[in-house]
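These are the residues of each chain, in order.
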Amino acid sequence: MDNAKLKELVTGIVSEASFEESKQFLTVTVSPAQLHQLLKSLKERPDTSFDFLFCISGVDIQDKLMVVYHLESTAHGHKIVLKTGTENREKPEMESIVDLYKGAELHENEIFDLFGIVFNGHPNLRRMFMPDDWNGYPLRKDYVDEVNIIDLS
Amino acid sequence: MEEITKPLTGLEKEEEYFINMGPQHPSTHGVLRLVVSLQGEIVKHLDPHLGYIHRGIEKMCEKDTYAQIIHLTDRLDYLSAHMNNEAICLIVEDVLEVEVPERVKYIRTIMAELQRLNSHQLWWACMGMDLGALTTFFYGLRDREHILDIFEETCGGRLLLSYNTPGGVMYDLHPNFQQKVKDFIKYFRKKLPEYDRLLTGNVIFQNRTKGIGILSKEDAINYGITGPSGRGSGFSCDIRKKYPYSAYPYVKFNEILREEGDSLSRYKVRIDEMWESMNIIEQLIDNIPEGPHTAKMKPVLKLPAGEYFQRVETSRGELGVYIISDGAKTPYRVKFRSPNMCNLSVLDHISRGAKIADLVAIGASFDFVIPDIDR
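Protein sequence lines correspond, in order, to chains A and B. Counting from 1, position 82 in the first sequence corresponds to residue 82 in our numbering; the numbering is continuous, with no gaps. Counting from 1, position 207 in the second sequence corresponds to residue 207 in our numbering; the numbering is continuous, with no gaps.
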């Protein structure tokens, strides 16, 4: 399925989606509330069947904390990027997608650990790399490590 | 004290208990801690606890220039150092539209395949050792030494190469390179059947791997298992075939796929991949074109604002590099989609119900490199 058709289809599932097309991927930005529903239908519809989630990244773009999902369909070969972000830095929350993609479990743990985004419905959300009593989330742009000050700039 | 009236059978109390496998355990090949919940010697559930070698490479990348990042990627999966370097170089070259000399493409592909051979040799050596066959360790490391010598002569490094630079490679090939690689291929074509005779056909080895840790194709896709482990379950995920880069479009090779999905099938995929790697090197080694070993690059590299993604096939699967640039000389955010992290996520699922000794065999068949998981 080409990008134009994918766009049409995504607009049919969630009304408020914004699109961006680069050389590589079609990027769709949706609100956190709509993400799970969109992913579920993109995965389960036979004409899209995005079954291979090959990358999940957390990104801090200053005004928002984003999660980026890179998806590919092993049957059709098309790819799509889904983005969702929350402005709430104090208590950012999103819905977990572990029920759809089981491989997301460790990745969501990682994003929770380094960005502090809480995934609701995750079976075992915990600090993964940092110690359990660590304060702050290191990959956020406003993070200051007061203990180990190494200024790399 | 309670008096024991019946003879003990060992099955009186069915209670769950936990064993910490690692962080220092010979079969985890690094600092990985698996909290294994057991009933008797049956694995009920396991939880990987990570972070013992977390260095914050993604954070460090945000302060480094693109040429500097290459040196950090070596430290991810150190047995795929060359492919990791290549991923960053390919992004920079692709975005800046640099015409890379043909010679560079050939050199990169030959080096990457040598790296894959060397990685699989070490994996084979360790897999035997994990299952108690110590001889394989000596065989594997003996043959690996030849490749490391070739690397040392051309790149200066044996393990962490940092041989790629944006636009080309650091130095031109050593004059001995072609002859030494040809000698090595000739040597290793005789030695690889020995691997089969020593381990593959061994009854004990077969009993410990056949039907152990079965991973279905659907699960492999759902968990994102790539590389030889995914192909052992029939998931066609070879980036060299799907999205060819460097000199892979010029060579003919087979993507090794097997359907069984058990530890033995993952083992066999890797053995067959070693043959394919040798085929690829043989097709290229005599045809390396003359020319410069690097394209002309600006001293300061700045990627225009945007998002870029590059996928390469490392020894363990698909490495994805996701770079967000804001136009500065350092990236805004770098994310490494590391193959080992995805492969680790399935370990809990497939080792449930297996014996704790089988867990070692399953872990060995996935070939984890821990610094790539922790980053």
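Hints in this document: simulated from the structure, not taken from any laboratory. All of these numbers come straight from a predicted model, not from anything done at the bench. Be careful, since some hints might not be right.
With a straight-line cut-off of 27 Å between C-alpha atoms, the simulated DSS-like cross-links for lysine-lysine are [unchecked claim]:
1) B:K217 with A:K23
2) B:K105 with B:K217
3) A:K102 with B:K217
Only part of the chain B face toward chain A is listed, based on derived beta-carbon distances under 8 Å [what the hints assert, rightly or not]:
4) L50
5) H54
6) N222
7) E282
8) M341
Note that CB positions come from ideal geometry on N, CA and C, so glycine has one too.
Each hint tested on the structure:
{"no.": "1", "hint": "B:K217 with A:K23", "verdict": "violated, 30 Å"}
{"no.": "2", "hint": "B:K105 with B:K217", "verdict": "violated, 33 Å"}
{"no.": "3", "hint": "A:K102 with B:K217", "verdict": "holds, 14 Å"}
{"no.": "4", "hint": "L50", "verdict": "holds, 5 Å"}
{"no.": "5", "hint": "H54", "verdict": "holds, 4 Å"}
{"no.": "6", "hint": "N222", "verdict": "holds, 5 Å"}
{"no.": "7", "hint": "E282", "verdict": "violated, 30 Å"}
{"no.": "8", "hint": "M341", "verdict": "holds, 6 Å"}
Comparing the model with each earlier hint shows violations of hints 1, 2, 7; every other hint is respected.
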